[in-house]
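Q: Listed below, chain by chain, are the residues.
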Amino acid sequence: MKRTDRQFADQDLSPMELSNLLTAVGQDRSIEAFETIFRYYGPRVRSFMAMKTRDAQLAEELMQETMTAVWNKAVQFDPARGNVSAWIFTIARNLRIDAFRRKRPVFDENDPVFVADNAPAADVELEGRQDAELLREAMESLPPEQLDVLKRAFFDEASHSTIAEDMGIPLGTVKSRIRLAFDKLRTALEGRR
Amino acid sequence: MTINHHISDALLMDYASGNLSEGWSLAVATHLALCPGCRRRLDAMEGAAGALFDKLIAREPVTGSDWEKMKARIACEPGAVTAVAEKPPVAAAPKPARSAGVIPEPLRSYLGGDVDTLKWRALGRGAYQIRIETGDPETQVRLLKIPAGRPVPEHTHEGRELTLVLSGSFRDGNDLFARGDLEEADGDLLHTPTATEDEDCICLAVTEAPLKFSSWIVRLIQPVLKI
Ligand SMILES: [Zn+2]
Ligand SMILES: [Zn+2]
Chain A
43 MKRTDRQFAD
53 QDLSPMELSN
63 LLTAVGQDRS
73 IEAFETIFRY
83 YGPRVRSFMA
93 MKTRDAQLAE
103 ELMQETMTAV
113 WNKAVQFDPA
123 RGNVSAWIFT
133 IARNLRIDAF
143 RRKRPVFDEN
153 DPVFVADNAP
163 AADVELEGRQ
173 DAELLREAME
183 SLPPEQLDVL
193 KRAFFDEASH
203 STIAEDMGIP
213 LGTVKSRIRL
223 AFDKLRTALE
233 GRR
Chain B
60 MTINHHISDA
70 LLMDYASGNL
80 SEGWSLAVAT
90 HLALCPGCRR
100 RLDAMEGAAG
110 ALFDKLIARE
120 PVTGSDWEKM
130 KARIACEPGA
140 VTAVAEKPPV
150 AAAPKPARSA
160 GVIPEPLRSY
170 LGGDVDTLKW
180 RALGRGAYQI
190 RIETGDPETQ
200 VRLLKIPAGR
210 PVPEHTHEGR
220 ELTLVLSGSF
230 RDGNDLFARG
240 DLEEADGDLL
250 HTPTATEDED
260 CICLAVTEAP
270 LKFSSWIVRL
280 IQPVLKI
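As given, the protein sequences belong to chains A and B, one line each in that order.
FYI, in the numbering used here the residues of the first sequence are 43 to 235.
FYI, in the numbering used here the residues of the second sequence are 60 to 286.
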């Protein structure tokens, strides 16, 4: 695997290693594994929180809260489907939403009206870790202007019209960059079989 | 059930990032409950966010004292001990059986029940509505019942509009929208969605709150009044 991009230079843990570490936290309550995860994700979660809050103390508190939730929920992480980074992102995102007292309605998989996925379970299993690898690689190949839009949307929580204003481009261009980026990422994921 | 009209990438990404306000999110999440394909797309987007997370440069690494603080905190977590005994919910949850219910979660909780328990209010010309309360001042959320063959009433709107069909169907130009289909309309779109002849159409309609207009007036008056 190529690791040419300088921005990837600090990335010393593979999705597979991260998944094994989090499984050790969930199954064995391993403090050593959790420390490695904390040292890897702590700074990332903290800068994610700081982007929205612009408040170092609040960002620090929300980071500690996120990592506490990671410790408590680790047993729910399913290594077969596991993408640790995506899993931790969703925990951090939800805590950030709570911190701003906003609501984000979600579907309920146990609701009898819920329409289950008919795709065979075998197809879904073991794809998670592969997905994480493929997404990391596909992300490296995205043009910088598409990457920039994704970063702003995911981390700054900026609306698409704000992004358009900040970048000095039309709203339609923001939307088409999002669409192009995800077309590319989906193609990368579909190529796995 | 085949769904033909899905959540756009831009809208789904807003939902994935946590940036979409409650009213719009209610329509998106209810479509997701009915659409495995869009749930897979959501997974891919959260995966992409995770990959960006790996890529995010953290300026300051955590220090030894950060870790000591963390360690002290998890040591007194009451959940930590019991959590070991818990099984992953994925394994524990039985596959839900198909049911005759019409309105999925999260919408059903907002309404307080399924279609057979709802208290409709007449809207004129045979149509009915229920206003749905949310904490979101940005949107107006309603459940509409449109009589077979009739147009969606009060249908001049400014700004974005999301319409999710829950039963029956409507036509908009050449497009047919049936259960699970989501129509995403921009403010500048002039259209006349009309329920099909065969049955009444029940749909969730989310529009931009009409407050915008009055706040415009306030803004126009403000300089004059020197508020
Ligand atoms: Zn869909
Ligand atoms: Zn409309």
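Simulated from the structure, these hints should not be mistaken for laboratory data.
Where hints are given, some of them may not hold.
[Unchecked claim] The calculated lysine-lysine pairs, modelled on DSSO-like cross-linking and capped at a C-alpha distance of 27 Å, are:
| id | chain 1 | residue 1 | chain 2 | residue 2 |
| --- | --- | --- | --- | --- |
| 1 | B | 128 | A | 217 |
| 2 | A | 115 | B | 178 |
| 3 | B | 178 | A | 94 |
| 4 | A | 226 | B | 130 |
| 5 | B | 128 | A | 115 |
| 6 | A | 94 | A | 193 |
| 7 | B | 130 | A | 217 |
[What the hints assert, rightly or not] Some chain A residues close to chain B (C-beta under 10 Å, calculated; not the full set):
| id | residue |
| --- | --- |
| 8 | 57 |
| 9 | 62 |
| 10 | 83 |
| 11 | 96 |
| 12 | 181 |
| 13 | 193 |
| 14 | 209 |
For clarity, every value in this text was computed on a predicted model and none was experimentally measured.
For each residue, glycine too, the CB sits at the ideal point set by N, CA and C.
Q: Work down the list of hints and note, for each, if the structure agrees.
A: Results of checking the hints against the structure:
no.: 1; hint: 128(B) to 217(A); in the structure: violated (42 Å)
no.: 2; hint: 115(A) to 178(B); in the structure: violated (40 Å)
no.: 3; hint: 178(B) to 94(A); in the structure: violated (41 Å)
no.: 4; hint: 226(A) to 130(B); in the structure: violated (41 Å)
no.: 5; hint: 128(B) to 115(A); in the structure: holds (19 Å)
no.: 6; hint: 94(A) to 193(A); in the structure: holds (12 Å)
no.: 7; hint: 130(B) to 217(A); in the structure: violated (43 Å)
no.: 8; hint: 57; in the structure: holds (8 Å)
no.: 9; hint: 62; in the structure: violated (16 Å)
no.: 10; hint: 83; in the structure: holds (8 Å)
no.: 11; hint: 96; in the structure: violated (14 Å)
no.: 12; hint: 181; in the structure: holds (5 Å)
no.: 13; hint: 193; in the structure: holds (6 Å)
no.: 14; hint: 209; in the structure: violated (15 Å)
Violated hints, in rising order: 1, 2, 3, 4, 7, 9, 11, 14; the structure is consistent with all others.
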